[in-house]
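Asks: Top line first, the protein sequences correspond to chains A and B. Residue 1 is where the first sequence starts when you use our numbering, and the numbers rise one by one after that. Residue 1 is where the second sequence starts when you use our numbering, and the numbers rise one by one after that.
Worth double-checking, as some hints may not be accurate.
In silico lysine-lysine, DSSO-like type, Cα no more than 30 Å apart, as pairs [unchecked claim]:
{"no.": "1", "chain 1": "A", "residue 1": "114", "chain 2": "B", "residue 2": "165"}
{"no.": "2", "chain 1": "A", "residue 1": "113", "chain 2": "B", "residue 2": "165"}
{"no.": "3", "chain 1": "A", "residue 1": "417", "chain 2": "A", "residue 2": "338"}
{"no.": "4", "chain 1": "B", "residue 1": "300", "chain 2": "A", "residue 2": "265"}
Derived from the structure by calculation, the hints contain no laboratory data. Please read all numbers here as calculations on a predicted model, not as lab measurements.
These are the residues of each chain, in order.
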Amino acid sequence: MLGVTKKFPGITANDNITLQLKKGEIHALLGENGAGKSTLMSVLFGLYQPESGIIKKNGQIVKVNGPNDATKLGIGMVHQHFKLVHNFTVLENIVLGCETIKNGFLSMGAARKKVLDFSQEYGLEVDPQALISDITVGMQQRTEILKMLYRENEILIFDEPTAVLTPQEITDLMVIMKNLTNQGKSILFITHKLNEIQAVADRCTVLRKGKYIDTVVVAQTDKEKLSEMMVGRKVTLEVKKPLIEPGKVIVDVNGLTVKNRLSGKNIVNNVSFKVREGEIVCIAGIDGNGQSELVYALTGLMKADNGCIILDGQDISHTTVRARGLAGMAHIPEDRHKHGLVLDYNLAYNLALQRYYEPHFQNKGFLRYGEIYAYADGLIEKYDIRSGQGTKTPVRSMSGGNQQKAIIAREIDRAPKLLIAVQPTRGLDVGAIEYIHERLIEERSKGKGILLLSLELEEALGISDRTLVIFEGQIVADVDPQDVTYQELGLYMAGSGRKEAMA
Amino acid sequence: MFFAIPLLIVALGGMFSERSGVVNIALEGLMIFGAFTGVVFIGIIQKSGAHIDGQMLLLLAVLIAGAVGALVSLAHAYSAINMKADQIISGTAINMLAPAFAIFVGRRISEKGTQQVHFEDWFRFDSVPKLGDLPIIGDLFFKNAYLTTYLGFLILFISWIVLYKTRFGLRLRSCGEHPQAADSVGINVYKMRYAGVIISGILAGIGGLVFVIPTSREFNATVSGYGFLALAVLIFGQWKPLRILFTAFFFGLLKAVAASSSGLPVLKDIPISSYFYKMMPYVITLIVLTFTSKNSQAPKAEGIPYDKGGR
Chain A
1 MLGVTKKFPG
11 ITANDNITLQ
21 LKKGEIHALL
31 GENGAGKSTL
41 MSVLFGLYQP
51 ESGIIKKNGQ
61 IVKVNGPNDA
71 TKLGIGMVHQ
81 HFKLVHNFTV
91 LENIVLGCET
101 IKNGFLSMGA
111 ARKKVLDFSQ
121 EYGLEVDPQA
131 LISDITVGMQ
141 QRTEILKMLY
151 RENEILIFDE
161 PTAVLTPQEI
171 TDLMVIMKNL
181 TNQGKSILFI
191 THKLNEIQAV
201 ADRCTVLRKG
211 KYIDTVVVAQ
221 TDKEKLSEMM
231 VGRKVTLEVK
241 KPLIEPGKVI
251 VDVNGLTVKN
261 RLSGKNIVNN
271 VSFKVREGEI
281 VCIAGIDGNG
291 QSELVYALTG
301 LMKADNGCII
311 LDGQDISHTT
321 VRARGLAGMA
331 HIPEDRHKHG
341 LVLDYNLAYN
351 LALQRYYEPH
361 FQNKGFLRYG
371 EIYAYADGLI
381 EKYDIRSGQG
391 TKTPVRSMSG
401 GNQQKAIIAR
411 EIDRAPKLLI
421 AVQPTRGLDV
431 GAIEYIHERL
441 IEERSKGKGI
451 LLLSLELEEA
461 LGISDRTLVI
471 FEGQIVADVD
481 PQDVTYQELG
491 LYMAGSGRKE
501 AMA
Chain B
1 MFFAIPLLIV
11 ALGGMFSERS
21 GVVNIALEGL
31 MIFGAFTGVV
41 FIGIIQKSGA
51 HIDGQMLLLL
61 AVLIAGAVGA
71 LVSLAHAYSA
81 INMKADQIIS
91 GTAINMLAPA
101 FAIFVGRRIS
111 EKGTQQVHFE
121 DWFRFDSVPK
131 LGDLPIIGDL
141 FFKNAYLTTY
151 LGFLILFISW
161 IVLYKTRFGL
171 RLRSCGEHPQ
181 AADSVGINVY
191 KMRYAGVIIS
201 GILAGIGGLV
211 FVIPTSREFN
221 ATVSGYGFLA
231 LAVLIFGQWK
241 PLRILFTAFF
251 FGLLKAVAAS
261 SSGLPVLKDI
271 PISSYFYKMM
281 PYVITLIVLT
291 FTSKNSQAPK
301 AEGIPYDKGG
311 R
């Protein structure tokens, strides 16, 4: 792609960007959210037509008018959100769109053989007969890769492929990617995780705010330089936190159990832990090991079947969500769209969501809009929430990072005793992650208790004072982040260290 | 049997539409359109005094009913797929239009100005050669029968093959579950959804006619809620052809009991109002849907207009 420019009303999403992918290399495309990575890929797939610039393949200028043209050119993509039909088998998903037909009927035999051959050749282990809804995310991703191989694509694009994987699966994926390039495929790897780039990529192109910054050879640079290129200023990757002696116990959770409504299995199984003042406790674990349910039970979104929660000496095991909030619990939810914000409300309403019922904001049941907007302006100023139209901005139109800032502002401003932050940095770029970590540390310094749930090892070890590992609903390890390695923690998360941990 | 077959055909029609991702609540209206035009056609031919074989006439009427159903369903498809309208609303519009249309046109073309359209039953045959002589099976399935019964089974068989064994079926199902995925591999979601809705229109039109032929001698601008019952059959049958067959027969049985409750010696002696039996299918529908809706396997993208830009 040479000198590609794509303009949208009011914004230049891609400004004269050049990207050259060599045969057999892994080329990383690095940039913050909104840097123009997705737009560039959409141009490559013909979803958008660029105002200027050309696309060349093997030295020849090509015209891409739609995804079908891209497929013909041998360009395939693993989307961030997999495009798989959940109640089809792996095989059906792979052949969908280029099926083999015999006498008008589907003939799957040849396709199965082809898929199994590829699976052998590249070490992509899948079960062709399994339903998508029954298999792990890692296997779904392998299905997506097989889909591209089945179409004999030469250029493979991975759009943030590691966001959904466990540490072990990420390592596997890296091996697969290397295998693919050894066989002559070329890979374009979109990401904002620096260590992954260092692990696999040969070269890296950095975009910032729609502009092309540079293309560098990964081996000749380091993380700090890359992140500086991406964000445009120096970023502290190491989290610095002052030493604090934890104070009294803020929350004491004892024997918390949540059953699955359908199977009766314990999703959260007899979980007990304490969080003290001035302490960040992280619960690490692979997605789907009961973290969500644990948080729902803690915050009152779901009824716990057993166990009790004592918040600052008060038993809140059976109280409502609001009562828990008033008792001093704040919640930064996992899914900011589902539980954190009313997307079609404006920013001010969202910021007032936790307080609108206080006398300050209402008068005999009527809302005092003046107060609400004034309060919102204050928070926007204090927490540096950026949006197009200030308090009147529909939250849906804001960037993920700023949506998250809005939630954090709302929750922290209530001066909670305990802050529950669930994957607060999910899907955010380096700059925003830095901001959020700073806020969490700041709250810790004020003597708040913080419960952090994270899927990222780096986060789990980086900012927490104590790390618990959850596996299949049970706490299987309680470690000091100072003296545990990534490998050890990874093993705990995969369940293999359970015995030692319990002993 | 007379009750079950139309349910089967119409529910299968609904299945094609919903599996492609378009809710088709218009089945009732499409049935009326199909039944009305089919019956009018039969009436005209019969009055004209043309000598035509009964079965042949029936088949022609079936074709016409299907064609009209397809034509009307295009309106639903256009609003639901191209205009991204609320599919329930556009379906309801057809449901409201259909009886009005049938009454209006019926009065216009009938000599006495009544809305009923009459026809004669030329279609029943006493026994299928050879098969009718089989013990038990012959009595049950091959005597006093209508061609449409076998047509129903044929449609079931073909539907199953098409849905599960052909490229078309695979693509259709993917559009109902995850249209973005289908689009990303180069399938034209709009085309597939049009196909789904049109097939449902054809089958609903046929189903309407098939409902009227064996049970009545005239058509009175209604199919007695069979289109909605077919929707229930579809849901209860979990959008799968074979389960739809069983459900259709289950509901057909209930209807048959209701219709003949006063005639069956055992039931007649029980002091229960015949209205109770007539209520049964609908009450059971409500109960069953209440309990099964939780683990419903409805196509995931059903009822959501497909927008290329959306992710």
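Asks: All hints are to be evaluated individually against the structure, with a verdict given for each.
Replies: Do the hints match the structure? See the list:
{"no.": "1", "hint": "A:114 / B:165", "verdict": "holds, 20 Å"}
{"no.": "2", "hint": "A:113 / B:165", "verdict": "holds, 19 Å"}
{"no.": "3", "hint": "A:417 / A:338", "verdict": "holds, 24 Å"}
{"no.": "4", "hint": "B:300 / A:265", "verdict": "holds, 26 Å"}
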